[in-house]
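Going down the list, the protein sequences come from chains A and B. Residue numbering for the first sequence follows numbering that gives the first Met the number 0, starting at 0 and increasing by one per position. Residue numbering for the second sequence follows numbering that gives the first Met the number 0, starting at 0 and increasing by one per position.
Mixed in with the good hints, there may be bad ones.
No distinction is drawn between identical chains; accordingly, a pair holds when it is met within one copy or between any pair of copies.
Said to hold, decoys possible - With a straight-line cut-off of 20 angstroms between C-alpha atoms, the simulated SDA-like cross-links for lysine to any residue are:
#, residue 1, residue 2
1, K288, S172
2, K288, V145
3, K288, P39
4, K139, E305
5, K201, E287
6, K201, G64
7, K201, A36
8, K221, S44
9, K288, T47
10, K288, P303
11, K139, A181
12, K288, P146
13, K221, S294
Worth flagging that the hints you see were computed from the coordinates, not collected in a lab. Please read these numbers as outputs of a predicted model, since none were measured by experiment.
2 protein chains.
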Amino acid sequence: MTPTIGVFDSGFGGLTVLRALMARLPRAQFAFLGDTARLPYGSKSRRTIARYAAQSARFLVQEQGAEFLVIACNTASALALDAIQDAVPVPVLGVIEPGASAARAASRTGDVLVIATDATVQSHAYAAACRALGLRALEKACPLLVPLVEEGWTDRSTIALCASDAFAAQAESVPPQVAVTAEVIRIYLAELTAEAAFEGLKPDSLVLGCTHYPLLRPLLEKAVPAGMRVIDSAEAAADAAVRLFNGRAALSAQEEAECPIHSATSVEWVGENPPPLQVRCFATDSVEKFERLGSRFLGRPTGPVELVDLGG
Amino acid sequence: MTPTIGVFDSGFGGLTVLRALMARLPRAQFAFLGDTARLPYGSKSRRTIARYAAQSARFLVQEQGAEFLVIACNTASALALDAIQDAVPVPVLGVIEPGASAARAASRTGDVLVIATDATVQSHAYAAACRALGLRALEKACPLLVPLVEEGWTDRSTIALCASDAFAAQAESVPPQVAVTAEVIRIYLAELTAEAAFEGLKPDSLVLGCTHYPLLRPLLEKAVPAGMRVIDSAEAAADAAVRLFNGRAALSAQEEAECPIHSATSVEWVGENPPPLQVRCFATDSVEKFERLGSRFLGRPTGPVELVDLGG
Chain A
0 MTPTIGVFDS GFGGLTVLRA LMARLPRAQF AFLGDTARLP YGSKSRRTIA RYAAQSARFL
60 VQEQGAEFLV IACNTASALA LDAIQDAVPV PVLGVIEPGA SAARAASRTG DVLVIATDAT
120 VQSHAYAAAC RALGLRALEK ACPLLVPLVE EGWTDRSTIA LCASDAFAAQ AESVPPQVAV
180 TAEVIRIYLA ELTAEAAFEG LKPDSLVLGC THYPLLRPLL EKAVPAGMRV IDSAEAAADA
240 AVRLFNGRAA LSAQEEAECP IHSATSVEWV GENPPPLQVR CFATDSVEKF ERLGSRFLGR
300 PTGPVELVDL GG
Chain B
0 MTPTIGVFDS GFGGLTVLRA LMARLPRAQF AFLGDTARLP YGSKSRRTIA RYAAQSARFL
60 VQEQGAEFLV IACNTASALA LDAIQDAVPV PVLGVIEPGA SAARAASRTG DVLVIATDAT
120 VQSHAYAAAC RALGLRALEK ACPLLVPLVE EGWTDRSTIA LCASDAFAAQ AESVPPQVAV
180 TAEVIRIYLA ELTAEAAFEG LKPDSLVLGC THYPLLRPLL EKAVPAGMRV IDSAEAAADA
240 AVRLFNGRAA LSAQEEAECP IHSATSVEWV GENPPPLQVR CFATDSVEKF ERLGSRFLGR
300 PTGPVELVDL GG
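Construct the complete structure from the given sequences, taking the supplied hints into account.
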């Protein structure tokens with residue numbers, strides 16, 4: 000049995016979550032939908048986001064046969080998880096609670112930092128999820144990080160070299176574009192750690208609360224204070240998905256034993272000699288940008304992205 | 000007579016155009032509409048943009064009594080000027096042709112550079128407008144500049160200081176946030192001038208093809224090669240608007256002489272002792288962000304921003 004897992008985002012940043020899922024579930028099939036025509040979700044009302052996300056979830060379940068959904072969109076996870084769960088009859092997992100749980104597992108002081116987009120921070124969804132687990136969380140919006148990732152100013156393989164003697168010397172021959180991104184990260188983290196100190200917090204973990212940020216992980220790892228753990232909510236969500244699926248697989252095996260006709264095959268979620276990866280990517284607009292940038296997020300070519308119309 | 004001039008943008012960047020208009024027409028009344036609920040226009044189809052822009056134009060004319068419209072949105076100017084002109088019975092002016100005309104007046108070599116958002120560059124509207132005037136234009140998308148302006152990393156008055164010995168020393172005690180913006184501008188301009196040289200162009204003018212960029216003008220002036228003129232399409236559009244209005248005022252005076260009953264008062268567009276500035280700002284969403292950031296673009300407080308619903 001090769002289950003189909005639907006992964007949904009407002010854009011293509013959620014491909015980092017898909018990438019983490021594919022590494023953990025090599026036998027699964029995946030359908031990814033980026034609702035690119037209607038992004039950004041962050042500036043829209045909860046009601047509108049819930050409507051868009053429910054439409055997207057129904058497309059993945061009803062038209063693509065998804066048996067599980069992972070909401071790889073922080074805004075939709077924060078504001079519309081209930082609405083999506085009501086809209087489709089399959090298990091639905093968001094990215095925020097797994098991120099908070101991973102922070103809970105990693106933190107010794109109980110104080111964590113969260114960086115995210117403006118919309119996610121304004122929702123305070125991470126702070127609420129952390130508080131529910133006994134953590135104190137300080138959140139900071141970092142609006143420049145998404146455009147820096149989308150410009151590809153993240154590593155030397157994806158950027159064109161551009162001579163700058165002074166800046167390059169100062170930055171130890173790092174390309175100037177990457178030096179800019181490193182400096183932006185340094186400024187944001189300096190502001191955040193200063194505020195944490197002012198608030199009397201002793202944070203020891205940094206949660207990446209945006210699906211674009213895994214592409215910045217090497218730069219972030221270098222920038223955090225010594226000993227601070229970096230928690231990637233994309234990885235955390237993929238881990239949570241595997242636990243959920245394995246739990247269901249165990250349940251399915253039990254059901255099979257009790258009632259063989261109900262489930263004819265057992266589920267092998269992870270195994271040797273995986274079949275060719277099965278991913279279909281869909282977008283509601285901007286297919287060209289999705290294909291051009293998506294491979295960086297997915298770590299391999301997205302293949303042709305199919306345009307779908309979900310209506311208004 | 001105090002004419003009402005409607006100014007429309009998909010967001011609030013067009014407040015730089017309003018600012019330039021207010022400086023030139025102190026006796027006019029203004030109504031500004033930012034269609035913030037539906038931005039960014041750049042990722043949407045021409046048909047959708049035309050529909051949104053026509054709705055917005057009708058609001059300004061029918062509900063706010065605008066007698067002239069300035070489309071302070073590069074995407075709408077590029078893709079929907081005809082549709083707006085069809086939708087309302089008043090004169091409509093965009094930002095692109097005035098920008099190209101100002102470049103034509105400034106350039107001796109006939110070669111110009113244009114920086115803008117990705118959407119504006121992809122429309123090639125500036126290149127077409129320049130070509131129609133006999134100019135060769137090389138366009139470059141600079142996606143980081145809008146978020147840098149919106150973060151306020153543009154001058155020392157709007158940012159919090161953040162210590163960084165190495166970077167500050169290298170940047171001659173400029174705040175590190177401003178040094179980042181200066182370095183981003185340097186990288187973009189280096190790429191653009193290298194491409195111009197490769198193409199055999201000898202550009203002597205740089206057109207700012209985005210309404211956010213006037214806030215970067217001091218940094219851009221420092222960064223361009225010696226002798227290169229910086230052309231602000233917001234200023235150029237305001238100049239064109241004044242010429243249009245003065246032409247109509249002259250026409251109106253002539254009509255008055257020929258047929259006094261038709262126009263009872265002459266139009267004083269510019270004069271001494273202007274009355275208190277009259278601006279009403281409207282937005283379709285995100286009123287809070289508009290008020291918070293808008294004053295930087297307008298150069299004075301926006302006043303309370305009124306929320307309007309233009310429908311889907």
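Against the structure, the hints:
{"no.": "1", "hint": "K288 <-> S172", "verdict": "neither (30 angstroms within a copy, 39 angstroms between copies)"}
{"no.": "2", "hint": "K288 <-> V145", "verdict": "both (14 angstroms within a copy, 19 angstroms between copies)"}
{"no.": "3", "hint": "K288 <-> P39", "verdict": "both (15 angstroms within a copy, 15 angstroms between copies)"}
{"no.": "4", "hint": "K139 <-> E305", "verdict": "neither (35 angstroms within a copy, 28 angstroms between copies)"}
{"no.": "5", "hint": "K201 <-> E287", "verdict": "neither (44 angstroms within a copy, 32 angstroms between copies)"}
{"no.": "6", "hint": "K201 <-> G64", "verdict": "neither (46 angstroms within a copy, 57 angstroms between copies)"}
{"no.": "7", "hint": "K201 <-> A36", "verdict": "neither (41 angstroms within a copy, 39 angstroms between copies)"}
{"no.": "8", "hint": "K221 <-> S44", "verdict": "neither (37 angstroms within a copy, 41 angstroms between copies)"}
{"no.": "9", "hint": "K288 <-> T47", "verdict": "between (24 angstroms within a copy, 19 angstroms between copies)"}
{"no.": "10", "hint": "K288 <-> P303", "verdict": "within (12 angstroms within a copy, 37 angstroms between copies)"}
{"no.": "11", "hint": "K139 <-> A181", "verdict": "within (17 angstroms within a copy, 24 angstroms between copies)"}
{"no.": "12", "hint": "K288 <-> P146", "verdict": "both (13 angstroms within a copy, 19 angstroms between copies)"}
{"no.": "13", "hint": "K221 <-> S294", "verdict": "neither (24 angstroms within a copy, 37 angstroms between copies)"}
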